[in-house]
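Line order of the protein sequences matches chains H and P.
If you use the working numbering, the first sequence corresponds to residues 1 to 379, in order.
If you use the working numbering, the second sequence corresponds to residues 1 to 259, in order.
In case anyone wonders, no lab produced these hints; they're calculated from the structure.
One thing to keep in mind: the hints can contain errors.
As the list claims (entries may be wrong) - Below 30 Å or equal to it, Euclidean Cα-Cα: the simulated DSSO-like pairs (lysine-lysine) are: (1) K32/P to K44/H; (2) K44/H to K108/H; (3) K107/H to K198/P; (4) K219/P to K205/P; (5) K205/P to K68/P; (6) K116/H to K191/P.
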Amino acid sequence: MSYTLTEEQQLIQQTAREFAQEYVVPSVAECDKTGVHPGEVVNKMAEYDFLGLYLPGEYGGAEAGYLSYILTVEELAKVSGAVAAILVNHASAAAYAVSRWGSDAQKKSWLTAMAKGDALGGVAGLEPGAAPGAGADRVVAVREGDTYNLTGMKTYVANGGAADVYIVFAVTNPEAGAKGLSAFIVDAKAAGLKVNRLIGKMGLRGCQWAELVFDNVKVPAAGLLGGEGAGAAMLAEIQAVTGVAEGAIVVGIAQAAMEDAAKYGKQRIQFGRPITSFPAIQTMLADMAANIHLTRLAVYHAADLVDKGEKFAVEAAMIRLFAGRIGASALIDVIQIEGGYGYSEEMAASRFYRDVQGAILKNSSADFPEKTIVAEVLA
Amino acid sequence: MSKILVCYKWVLDEQDIRVNAADASLDSSRAKYKISDYDKNAIEEAVLLQEGQGATVDAVTFGGDAVKQSLKDLLSRGPDKVFYIADPSADKADGYVTAGVIAAAARKTGPYDLIICGEGSADSYNQQVAPRLAANLGLPSITYVQSLKLEGGRVVATRKLGDCTEVVTVEGPAVVSVVPEINKPRIPSLKQVLAAAKKPAEEIKIADLGLSPKQLTAKTVSLTVKGFVMNRKNILFKEPAQADNVAKLVAALAKEGVC
């Protein structure tokens with residue numbers, strides 16, 4: 001791995017930065033206030049090739065590599081964690097699954113649409129009160145001839161209600177435990193699939209979470225992704241590759257928040273001098289800068305592993321563990337530095353704080369990262 | 001098919017330049033480079049003509065070694081090809097030298113139906129290159145252009161002149177300088193960024209341009225460059241009657257030459 005970005009990667013980073021300022025900034029406050037999916041911004045992201053950034057050129061993607069995509073996510077997150085999360089749930093979760101395990105026919109139809117931005121994706125994995133496939137309301141898929149009938153409920157589906165296609169994890173063999181879980185590509189317009197409700201949340205407002213109800217949704221057998229029983233391993237890999245991108249969201253949010261705090265601190269005069277001249281403030285900023293830098297390096301390294309087709313599960317788990325901690329602590333310090341302004345809605349710190357909490361933690365209860373890391377340590 | 005040349009400068013981003021409060025000296029050690037903002041309008045206008053009328057667009061730049069970093073950025077914005085003259089002498093070049101170098105390059109790579117420049121550069125903003133380039137090439141010069149059309153061999157331009165406009169028509173080829181109002185430069189899509197790597201970039205050695213030492217010697221010499229620090233006067237008017245405060249404010253502004 002080279003420790004400097006290529007000229008191309010720097011240009012992609014610059015393009016994403018300019019895009020965020022031009023097209024994301026105007027809708028940030030409204031998106032945070034209403035929690036409504038920012039469709040126009042997503043359409044613009046499609047126009048600028050963000051939705052298929054790392055996906056294969058053969059299927060309409062830009063094939064720029066996962067690291068270039070990560071740089072884009074980071075730049076978007078500096079302005080809006082929600083918009084970055086929409087992209088991540090589409091590209092790292094749903095589109096990744098089709099790209100990684102889809103048949104040629106599935107890729108031609110769905111991956112092409114997802115890469116071009118004609119279809120936004122989401123992953124329906126979680127179930128109320130339980131791990132995927134283990135809940136009382138779990139989605140069960142029963143094969144009848146050339147179709148599967150899906151029945152049950154999914155919750156916390158990111159991009160829910162806005163997505164055009166879902167990767168749905170359903171139980172095909174109830175006796176087989178985790179090995180009975182399978183994935184399906186399901187058209188959001190399929191008969192019997194209903195958005196039961198949108199779930200209000202603390203941050204990342206605009207990246208909608210929804211509860212989906214499956215009432216005898218008929219999915220053609222050709223919609224089975226990666227074969228029966230492959231779901232649990234697929235879900236783990238999706239969570240890992242998504243975790244890398246979520247690390248980039250944390251880095252982006254924390255970097256933007258730190259820059260705001262430094263700017264504010266240089267202007268805020270206390271006892272006749274800027275508060276950034278006080279060691280306590282300097283220590284906070286130094287800790288933040290070091291933590292952000294280290295997390296960024298870990299994220300770039302993991303993205304490089306993804307690009308090279310090497311294993312990245314342990315590195316992704318480390319990112320989820322570390323980024324989750326440093327994101328929250330950075331934002332607490334930012335609010336301390338900015339004082340009343342930071343706590344108020346006059347500055348972005350309170351939104352950053354709410355967003356950073358959701359950026360990395362939402363999968364932790366189902367698959368805590370320490371387990372993956374320690375398994376490697378003790379191997 | 002029309003052939004257009006667009007000129008651009010690779011400058012330090014002014015947002016990254018810090019002014020030392022003690023002596024107003026400039027610290028550009030952390031500054032990154034960018035395409036001069038005014039030149040982005042020139043590039044966009046050339047690309048709009050390329051898209052609207054099927055023109056081909058070449059770009060040219062003259063700068064120090066750093067100018068090589070600009071090529072993909074430039075090509076991602078739409079031009080078909082870029083010529084660059086990378087030479088350390090560019091650091092001391094003024095409008096006279098720069099226009100001479102670009103004119104010599106244009107003679108080599110042209111002929112062109114239209115040459116487009118930004119109204120000035122984002123760093124020195126001397127607004128010299130476009131008219132000097134026209135004079136050097138013996139072409140009509142149209143400055144401060146806010147709208148532009150190519151009609152057959154004619155160039156039709158609307159010039160922005162203070163509070164009025166002037167429509168000018170000349171037989172091409174011509175050199176125009178455009179103002180920011182002419183368009184809104186696009187942000188290249190990621191596929192355009194990636195495609196830039198496949199477009200041609202050709203270096204022209206300054207020694208191959210046939211310019212004399214005199215033509216490469218600046219006519220102006222920069223003695224110092226300092227930052228501008230604005231100091232607030234913090235004058236408060238506290239008369240009981242508001243009318244008196246207004247009168248004092250007007251008098252103070254008049255004293256400063258504001259009104």
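Which constraints among the numbered hints does this structure fail? Numbers only, ascending.
Checked against the structure, no hint fails, so every one of them is satisfied.
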